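**Q** As a plain string of letters, each chain reads:
There are 2 protein chains.
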Amino acid sequence: MKKIINDPSAVVAESLRGLGLAHADLLEVVDEPAVVVRVDAPVAGKVAVISGGGSGHEPMHGGLVGPGMLDAACPGAVFTSPTPDQVQLAVQRTDGGAGALLIVKNYTGDVLNFETAAELAAAEGTRVESIVIDDDVAVKDSLFTAGRRGVGGTVPLEKIVGAAADRGEDLDGCLAIARRVVANVRSMGLALGAPTVPHVGTPSFELADDEMEVGIGIHGEPGRARMPVENAEGVVARLLTPILEDLPFTEGDRVLLFTNSMGATPLLELYLAHGIAERLLAERGIVVERRLVGPFVTSLEMQGMSLTLLKLDDELRDLWDAPVRTAALRWGC
Amino acid sequence: MKKIINDPSAVVAESLRGLGLAHADLLEVVDEPAVVVRVDAPVAGKVAVISGGGSGHEPMHGGLVGPGMLDAACPGAVFTSPTPDQVQLAVQRTDGGAGALLIVKNYTGDVLNFETAAELAAAEGTRVESIVIDDDVAVKDSLFTAGRRGVGGTVPLEKIVGAAADRGEDLDGCLAIARRVVANVRSMGLALGAPTVPHVGTPSFELADDEMEVGIGIHGEPGRARMPVENAEGVVARLLTPILEDLPFTEGDRVLLFTNSMGATPLLELYLAHGIAERLLAERGIVVERRLVGPFVTSLEMQGMSLTLLKLDDELRDLWDAPVRTAALRWGC
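Residue numbers (our numbering), protein chains in the order written: chain D, 1 to 333; chain P, 1 to 333.
Keep in mind that the hints are not guaranteed to be accurate.
Copies of the same chain look alike in the list, so a pair counts if it works inside one copy or between any two.
Stated by the list, open to error - No more than 20 Å apart at the CA atoms, straight line, and that leaves these computed lysine to aspartate or glutamate pairs for EDC-like:
(1) K140 with D85
(2) K2 with D313
(3) K2 with E206
(4) K2 with E233
(5) K311 with D170
(6) K311 with D321
(7) K311 with D7
(8) K2 with E32
(9) K140 with E169
(10) K140 with D170
(11) K140 with D321
(12) K311 with E245
(13) K311 with E28
(14) K311 with E211
(15) K140 with E206
(16) K140 with D40
(17) K2 with E230
(18) K140 with D7
(19) K2 with D25
(20) K2 with D170
(21) K311 with D141
(22) K140 with D246
(23) K140 with E124
(24) K2 with E115
(25) K2 with E211
These are calculated hints, taken from the structure and not from any lab test. None of the values given here were measured: they were computed from a predicted structure.
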């Protein structure tokens, strides 16, 4: 294993220290339990939007903390759910009197720990609601999940709910919008190479020199099929077709297209794939109204990519367009 | 070679197509010769700021085109200088009557081709000046370079000169500021693993499982030393010490610290390294006033990182802070 780290067990804490130093204008890193909190939290009268999950998916979620998006992020160990006390502290630090919405990716540990935290927070008098995102169309159940996994759709979900909270929606309003995003977003990913978890030290899986894993999870969970590597046209079609068939997305639909690198796949390839996805959608009469291209939901240094489609309406598009100021996403302010 | 591409010889053209579709609000991609042009170019009365170089370093330079930064970028083939006609076209498309400043990384082919383009543009009546950046302290001469290589310092240079042009500096004023940046910026990089150029198909170099290359170039050129892999503390010190000694940077200096991923090194590790660099600088009494952390000057999927330090004064800091709106860097507008 070659990594720029010190003690493998201290990677997350040391990385968070750097995050805090790099973005002191936006966020504060609280230690033990670790929480990344918006620097001006709590914002009085605003619903607190909180997410979290295992580390190793940066910039999600700590890089998405700031005005217009998350009030706090709870970073677990690498590929490991955050603990209830992290989430509880996040609620305590961000509750501005309007309650908190927890954004939870659908992994069994995450769901359980966020639920426990919600109960603890409720016992302290804070109203807490949760939304579970399960946008990955690849497989029904998975290594760490009952039902579908939460993957790339988390970024538009957090952006849009963050904007809703910012414009003054109450907790029920934020939850309703969150449910609309979850109902309308679908993703699928693919790996050409495996990540290595620092405290494990060996690659999470093995692929032959001519193989790819279609439908991969963001922790290297198995996908739908292992098959010979295809060219970019083949790769993009293999990701896009199941997404389109699942919702389904049909002619005339307006969408946000999010082309995501899993880590090691560089922008040169990612933009190439994005261009193909745009062409395939145009051929089906699906209108790409908004785009996001880059490494936002990564899996350490995994080589591969994912596609996410969110069906837009005017309100979701306006919430996407609303100002945001975080380490990784920033526009309009 | 595993990559999300089609024909290796078409990678750059296909990737640019995706870039153009993803960021049509910011830039236009012109074909044959390929130039990425700011969508509202030419801006009347403003100095045109133009850069370029081999592809494979994304988001540099196409992702840095937009208000407050570059007016145009000239993407060569992967790791290959752009041709004079690309640069000539970039000047033609962006000349708003105030001349053009060409930002050239110090590689022999780049310098020659930008020079030829400057002569062609001058013959057409446009005043053109060039600034050559050579911020890499690692080696004196290199595989493709006489003198030092141009690397990470290119990003702050392009940002600051873009801001200077935006606030109405004339060509001489922009050139003077560019020279001040080049005089005050230093970088060094390190690789843990090699990139693979698509049309070559094999890794650019071989490193043993326990080796790293200190002082690597952004095209995989040899560095100062190949040595056993060290932990993050060791890595950061090996990059920072020669940078500090070179200028030199001393107690009381105010700096921009740019912690850059070469591609495959994920943010988890990059922020960890950044935190160490901040601590080492604080220990020496050097004040980190501004930061940039992320993959901005990459080398395809090379695993590794670089550090860049720019000595700041009030004017350079204000130009860094000025609004910018590009695919990869965006703030204040």
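**Q** Could you run down the list of hints and mark each one as holding or not?
**A** Each hint, compared with the structure:
1. Taking CA atoms no more than 20 Å apart as the test, K140 paired with D85 passes in neither setting, with 30 Å inside one copy and 53 Å between copies.
2. Neither within a single protomer nor between protomers do K2 and D313 lie at most 20 Å apart by alpha-carbon distance, with minima of 45 Å and 38 Å respectively.
3. Both within a single protomer and between protomers do K2 and E206 lie at most 20 Å apart by alpha-carbon distance, with minima of 17 Å and 14 Å respectively.
4. In this assembly of identical chains, the alpha carbons of K2 and E233 lie at most 20 Å apart only when taken from different copies (14 Å versus 32 Å within one copy).
5. In this assembly of identical chains, the alpha carbons of K311 and D170 never lie at most 20 Å apart, being 23 Å within a copy and 47 Å across copies at closest.
6. Taking CA atoms no more than 20 Å apart as the test, K311 paired with D321 passes inside one copy only; the shortest distance there is 15 Å, against 36 Å between copies.
7. Taking the shortest Cα distances, K311 and D7 never come within 20 Å of each other, neither inside one copy (43 Å) nor across copies (32 Å).
8. Within a single copy, K2 and E32 get their C-alpha atoms no closer than 28 Å, and across copies no closer than 41 Å, so neither meets the 20 Å cut-off.
9. Taking identical chains as interchangeable, the C-alpha atoms of K140 and E169 are never at most 20 Å apart, the minima being 33 Å within one chain and 59 Å between chains.
10. When the C-alpha separation of K140 and D170 is checked against a cutoff of 20 Å, the pair qualifies neither within a copy, at 33 Å, nor between copies, at 61 Å.
11. Neither within a single protomer nor between protomers do K140 and D321 lie at most 20 Å apart by alpha-carbon distance, with minima of 32 Å and 47 Å respectively.
12. Proximity of K311 to E245 under the C-alpha cut-off of 20 Å is restricted to the intra-copy arrangement: shortest distance 13 Å within a copy versus 54 Å between copies.
13. In the homo-oligomer, the alpha carbons of K311 and E28 never lie at most 20 Å apart, since the shortest distance is 34 Å inside one protomer and 26 Å across protomers.
14. Taking the closest pair of Cα atoms, K311 and E211 never come within 20 Å of each other, the shortest separation being 32 Å inside a single copy and 47 Å across copies.
15. Proximity of K140 to E206 under the C-alpha cut-off of 20 Å is found in neither arrangement, the shortest distances being 23 Å within a copy and 41 Å between copies.
16. Neither within a single protomer nor between protomers do K140 and D40 lie at most 20 Å apart by alpha-carbon distance, with minima of 40 Å and 47 Å respectively.
17. In this assembly of identical chains, K2 and E230 lie within 20 Å of each other by CA distance solely across copies; the values are 9 Å between and 28 Å within a copy.
18. Taking CA atoms no more than 20 Å apart as the test, K140 paired with D7 passes in neither setting, with 36 Å inside one copy and 35 Å between copies.
19. For the identical chains of this complex, K2 and D25 are neighbours neither inside a copy (32 Å) nor across copies (40 Å), given an alpha-carbon limit of 20 Å.
20. Taking CA atoms no more than 20 Å apart as the test, K2 paired with D170 passes in neither setting, with 47 Å inside one copy and 48 Å between copies.
21. Taking CA atoms no more than 20 Å apart as the test, K311 paired with D141 passes in neither setting, with 24 Å inside one copy and 53 Å between copies.
22. In this assembly of identical chains, K140 and D246 lie within 20 Å of each other by CA distance solely inside one copy; the values are 12 Å within and 57 Å between copies.
23. Proximity of K140 to E124 under the C-alpha cut-off of 20 Å is found in neither arrangement, the shortest distances being 36 Å within a copy and 64 Å between copies.
24. In the homo-oligomer, the alpha carbons of K2 and E115 never lie at most 20 Å apart, since the shortest distance is 37 Å inside one protomer and 41 Å across protomers.
25. In the homo-oligomer, the alpha carbons of K2 and E211 lie at most 20 Å apart only across protomers (9 Å), although the nearest pairing inside one protomer, at 23 Å, exceeds that limit.
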